[in-house]
Amino acid sequence: MIRTLALLVITAVAFTYCFQAGFVSLLTWVWLSIMMPQSEAWGSFLLSYSNMAAGILTVIAVFTAKDRKLPPFNNFTVLLFLFTALIILSQVFSLNRALSSRQFSIGTETLFITFAVLLLANSKVKIHTMVWIIVLSVGYYGVTRGLITIATGGGGIVTGPSKSVLSDNNQLAVGLASTAPLAFYLYRISADKWTRMFALGIFVLSIIGAIGTHSRGGLISLGVLALGLIARSRKRVLNMIILVIVVGGTLLIMPAKWFDRMNTISTAEEDGSFMGRVAAWEVAYKLALEHPFLGIGARLQYKAQYNHHVQPDGVIAREIATHNSYFEIMAGNGFVALGAFLGMMATTFIWAGKTMKLTQNKPGFTWANELASMLQVSLLVFGVGTFALSMEYWTGFWINMVLIVNLREIVLRELKIVPVASRQETYA
Amino acid sequence: MKALIWLFFLVAILMVMRWYLNNRNATGAFDSTTGRFAMRDELNTQINQVITKTGRSDSN
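Protein sequence lines correspond, in order, to chains A and B. Each residue of the first sequence is one higher than the one before, starting from 0 at the first, in numbering that gives the first Met the number 0. Each residue of the second sequence is one higher than the one before, starting from 0 at the first, in numbering that gives the first Met the number 0.
With the rest of the complex left out, here is chain A (with noise of 0.2 Å):
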């Protein structure tokens, strides 16, 4: 009862500052969509409508902004526009619309954020608030699960918050590997001691909260994280003993199962859960073949009605999780859908490493530089975390790609380099 009052004080002091800048909004809607504080909390019914008012905040905030920018015409968000316009087309095609309309609406919500990420982070400030934002967000199941871990020496399967993309076990894991490089960033970037400490705090216990999970998805997000941070950080040998010390640190404290569960992971084709994911997969392949151009609706591809003709033979139909993102929206919304949402990754992956040779050494620039890198090394984290998992509407990962598109124009507009056929070409 006093965390349900608590968290209603928070959230309405929230609301009034949503009144003072429409970006407040923004936040609100993201930290209530990403946290999901009310998961924690009983019995509101008011909590059970702040994430729908955040959101109506937001569409206003949207249209009446005085400092919102229309998006810049470019390769990313050509790819993103196409993306939504043939995430509506799959849903309005769909096998099944009353069965696919729940992935559709969690898909319309995130790709809406991230319209208004688009719009609106458009300033250092907006950026680095939003950042703090995530990390906070997910932190803080960082934190409380790196403790649990640590408290019961990691006894326990620690999971994510109930009802969110989270929830899962390996959810959770790579949600938190992903995290943790903007916590690491903030680590670097601010400029108050007890900030730093705070930041650096969460990204510790982050990566001890995703060993905690006891995922082996986690585990190989864990290592890109580790390789990603070394190869993207000016002072590698203090990263690398950082990353020594926790992760060394915190295998010290983990039972013999956990190492046991680890150990499959070079034994994969042994594995019934592993081969049952490829299985999956192929059932996805078939499924995206029959219907190539839209898919045949988010998840369908799940349910033995529509899939069984394409299970292997012998085998009893039944429901079928597709595990893998890429595969989720090749079998649910088709090849074309897949490569707009490759093509932003890929997209968003190089911007991130060129805004980095844009900004190397160059005074006042360093947040930019250091922000470029932690978002590419995020943006590597989820691409192969998910790809036994299925997060393709991870809010946390849509902003990471926004923000780098923003930072990018950012970093060019101040940079003076103005665009004149293509911004492509100014760098080359």
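Don't take every hint at face value.
[Stated by the list, open to error] FRET-style restraints, in silico, Cβ to Cβ: (1) B:ILE4 - A:GLY248: 16 to 26 Å; (2) A:ILE149 - B:VAL10: 15 to 25 Å; (3) B:PHE7 - A:ALA97: 39 to 49 Å; (4) B:LEU20 - A:PHE292: 45 to 55 Å; (5) A:PHE111 - B:PHE7: 26 to 36 Å.
The set of hints was computed from the structure by calculation and includes no laboratory data. Quantities reported herein were computed from a predicted structural model and do not represent experimental measurements. Yeah, the Cβ is synthetic: ideal placement off N, Cα and C, and Gly gets one too.
Given chain A, put chain B in place with the hints provided.
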């Protein structure tokens, strides 16, 4: 313990929103010499005073 951490994070989120409202039109949030962001209001105030005294101003 978990409830306290939960509350701490919620208050931290409010502080970040407040920080944004205080700094959205000022360069005080960002020290271009070090390239770092100052999160504490006192520090922001100090930097803002320096900016005011030296007559510098620009927007974010």
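Hints versus structure:
1. B:ILE4 - A:GLY248: 16 to 26 Å: Since the Cβ atoms of ILE4 of chain B and GLY248 of chain A sit about 21 Å apart, the hinted range of 16 to 26 Å holds.
2. A:ILE149 - B:VAL10: 15 to 25 Å: holds (24 Å)
3. B:PHE7 - A:ALA97: 39 to 49 Å: holds (42 Å)
4. B:LEU20 - A:PHE292: 45 to 55 Å: For PHE292 of chain A against LEU20 of chain B, whose Cβ atoms are near 46 Å apart, the range 45 to 55 Å holds.
5. A:PHE111 - B:PHE7: 26 to 36 Å: holds (30 Å)
Consistency note: the structure conflicts with none of the earlier hints.
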